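Number of protein chains: 2
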Amino acid sequence: MTYEKGPDHSRRKERSRQAILSAARALVMEEAYEKVTVEAIAARAGVGKQTIYRRWPSKSAIVFAALLALSEDADGQSVTLPDTGDLATDLKLVMRATAHEFSDPPFDKLIRALNTEIANDPALAAEYREKLAQPLDEAKKTRLRSAQRAGQLDPEADLDLVLEVLYAPLFQRWLHRSGPLTPAYADSLVDVTLRAFGP
Amino acid sequence: MTYEKGPDHSRRKERSRQAILSAARALVMEEAYEKVTVEAIAARAGVGKQTIYRRWPSKSAIVFAALLALSEDADGQSVTLPDTGDLATDLKLVMRATAHEFSDPPFDKLIRALNTEIANDPALAAEYREKLAQPLDEAKKTRLRSAQRAGQLDPEADLDLVLEVLYAPLFQRWLHRSGPLTPAYADSLVDVTLRAFGP
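Residue numbers (this note's numbering), protein chains in the order written: chain A, 1 to 199; chain B, 1 to 199.
The set of hints was computed from the structure by calculation and includes no laboratory data.
Nothing here was measured: the structure is a model prediction, and the numbers come from that model.
It cannot be assumed that every hint is accurate.
Because identical chains share one entry, a pair is satisfied inside a single copy or across any pair of copies.
Said to hold, decoys possible - Here are the simulated DSBU-like pairs of lysine-lysine, each with C-alpha atoms no more than 30 Å apart in a straight line:
1) Lys131 to Lys49
2) Lys92 to Lys141
3) Lys49 to Lys35
Throw the hints in and build the complete structure from the sequences for me.
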């Protein structure tokens, strides 16, 4: 007897993938990260442990995939930043959204757990950069290049450095819980960055 | 029979404290952090496990104390930053030293291990802020206030924000291994910060 791997098979596979990623997200948000096990994720998703291990080698790989899936658009389009023609307005919108997202307790737990793994696992750090950080950075740089053409940003500015100055203070404040992530703080990072890299 | 707790006792206690902290530093630099145990630290230091537990409640507390001891001056003086009268020169000296320190493999391992604990332990994060980050920040702010008086920095600048813009990009680049920590990079962070917060 052979199984035909047709549309039904693909749909089942995708349903099981989604169930595993949802289960991983839910468990990481409920429990201390180190207490979450692949067994518990499998049980919550209603699949066998082997179904998980066929696709992901470790708990950190599943949690990373779960985070990655959150940033996939429903239509598979890549992320773009708003472009109203006014860089300060657009960046403040994005930075306020980022500050709000990092202040959200369930998201906080997920990204904090992943950060721990990334800080201690160079291979996962490389995968994080390639699959999540770099595509997001490219979307941001597209917006910055548009601002350079519009004369709102130094045409010689190093865009990697611009993004670091914009985001790293918020990231560090969040990671070390050293201050509040308010909309006013998000705005001040945009103002500082535009003063540093103005035309 | 009673023991007199005189100078000899104090000296012995201090010697045992130093032996424990050195052992903790050595082990964290040699092994994966999660494999370092309080037992191994005690064995390396030549003390009983109870001697450690009388002073520190956990492995992360010992490792934190070990890091803290590194920043103690021999004469117990608090840290100060150089003040030649030229803010850019002084900050570049400090930032180059910081970049060099974070690029040093044994220090990298110690501070990476501690960062993992801090990110996941709000109580340790608070202790880190109080005992290490805030005294260092105060030393840096003293230098920045001197620059404000000298007309080299906006007198209205939020000094916490200045320090974040100066240090957070380097911290994030180090944590995520997203770029090299060169002297030129250290200098560029100083230049960017002074453009953003110039008078």
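Cross-check of the supplied hints:
1. Lys131 to Lys49: within (25 Å within a copy, 45 Å between copies)
2. Lys92 to Lys141: Answer is both; intra-copy 15 Å and inter-copy 27 Å each pass.
3. Lys49 to Lys35: both (17 Å within a copy, 26 Å between copies)
The structure meets every hint from the earlier list without exception.
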